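Visitor: One letter stands for each residue in the lines below.
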Amino acid sequence: DTEVTQTPKHLVMGMTNKKSLKCEQHMGHRAMYWYKQKAKKPPELMFVYSYEKLSINESVPSRFSPECPNSSLLNLHLHALQPEDSALYLCASSPSGGGFTDTQYFGPGTRLTVL
Amino acid sequence: TQLLEQSPQFLSIQEGENLTVYCNSSSVFSSLQWYRQEPGEGPVLLVTVVTGGEVKKLKRLTFQFGDARKDSSLHITAAQPGDTGLYLCAGHRFFTDKLIFGTGTRLQVFP
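Protein chains in written order, with my numbering: chain H, 1 to 115; chain C, 1 to 111.
Here chain H stands alone, though its shape is the one from the complex (with noise of 0.2 Å):
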């Protein structure tokens, strides 16, 4: 079984709006990362989360913050977004705690329209 979920599918809000995606994984994956992917774009990494730690942070913007309460789940947490900060938020997986060998899963993405 290769499955990331995330929920919720679609998500609407206004720029005062506090709320978060999820991300689980059951496959024993030790590395958790969020993109973001603008239409027509590849996906643009955001984080990586190694061993439940913070490993890389591609000098994202305050008003999205990470969370890995455990090995298989990954939140992202949203507040004060802007009407450019609307994408398709994905998040991955890969086996290895990441690193140039490791092979990342994606979930099927959360599409996001901040208005």
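By construction, these hints were calculated from the structure, which means they are not laboratory data.
There may be inaccurate statements among the hints.
[Said to hold, decoys possible] Restricting the straight-line Cα-Cα distance to at most 25 Å, the calculated cross-link-like pairs of lysine-lysine (BS3-like) are: (1) H/Lys22 to H/Lys53; (2) H/Lys38 to H/Lys22; (3) H/Lys53 to H/Lys19; (4) C/Lys98 to H/Lys41; (5) H/Lys36 to C/Lys98; (6) H/Lys41 to C/Lys70.
The model shown is predicted, which means the values in this text are computed figures rather than measured ones.
Starting from the structure of chain H, add chain C where the hints point.
Guide: Relative to the frame of chain H, chain C by itself:
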């Protein structure tokens, strides 16, 4: 600077035709993955190639990793409408953690 360039950018063909998508770089990669993505969905892993010169087949899809580990190709035989989607190559350079994505190839197969 885009490290992984894909060509063509767009491809529109009839069912039954063959096609090849290329993924090229001037840098050496430890491995390359190919993903297919449908609109509004996440990328689905098709294959990982790790050895220079490696060829992998997945039904009608044939993947090749260049001998110098700088390029890869995806060949589809007898394309079907179900092959429609965005094809992304992605790879890791040695000793770096970040997955680098290609520019993408959008394939449309008409019945």
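Visitor: Would you mind marking each hint as holding or not holding in the structure?
Guide: Here's how the hints hold up against the structure:
{"no.": "1", "hint": "H/Lys22 to H/Lys53", "result": "holds, 17 Å"}
{"no.": "2", "hint": "H/Lys38 to H/Lys22", "result": "holds, 19 Å"}
{"no.": "3", "hint": "H/Lys53 to H/Lys19", "result": "holds, 22 Å"}
{"no.": "4", "hint": "C/Lys98 to H/Lys41", "result": "holds, 17 Å"}
{"no.": "5", "hint": "H/Lys36 to C/Lys98", "result": "holds, 14 Å"}
{"no.": "6", "hint": "H/Lys41 to C/Lys70", "result": "holds, 22 Å"}
No hint from the list above goes unmet by this structure.
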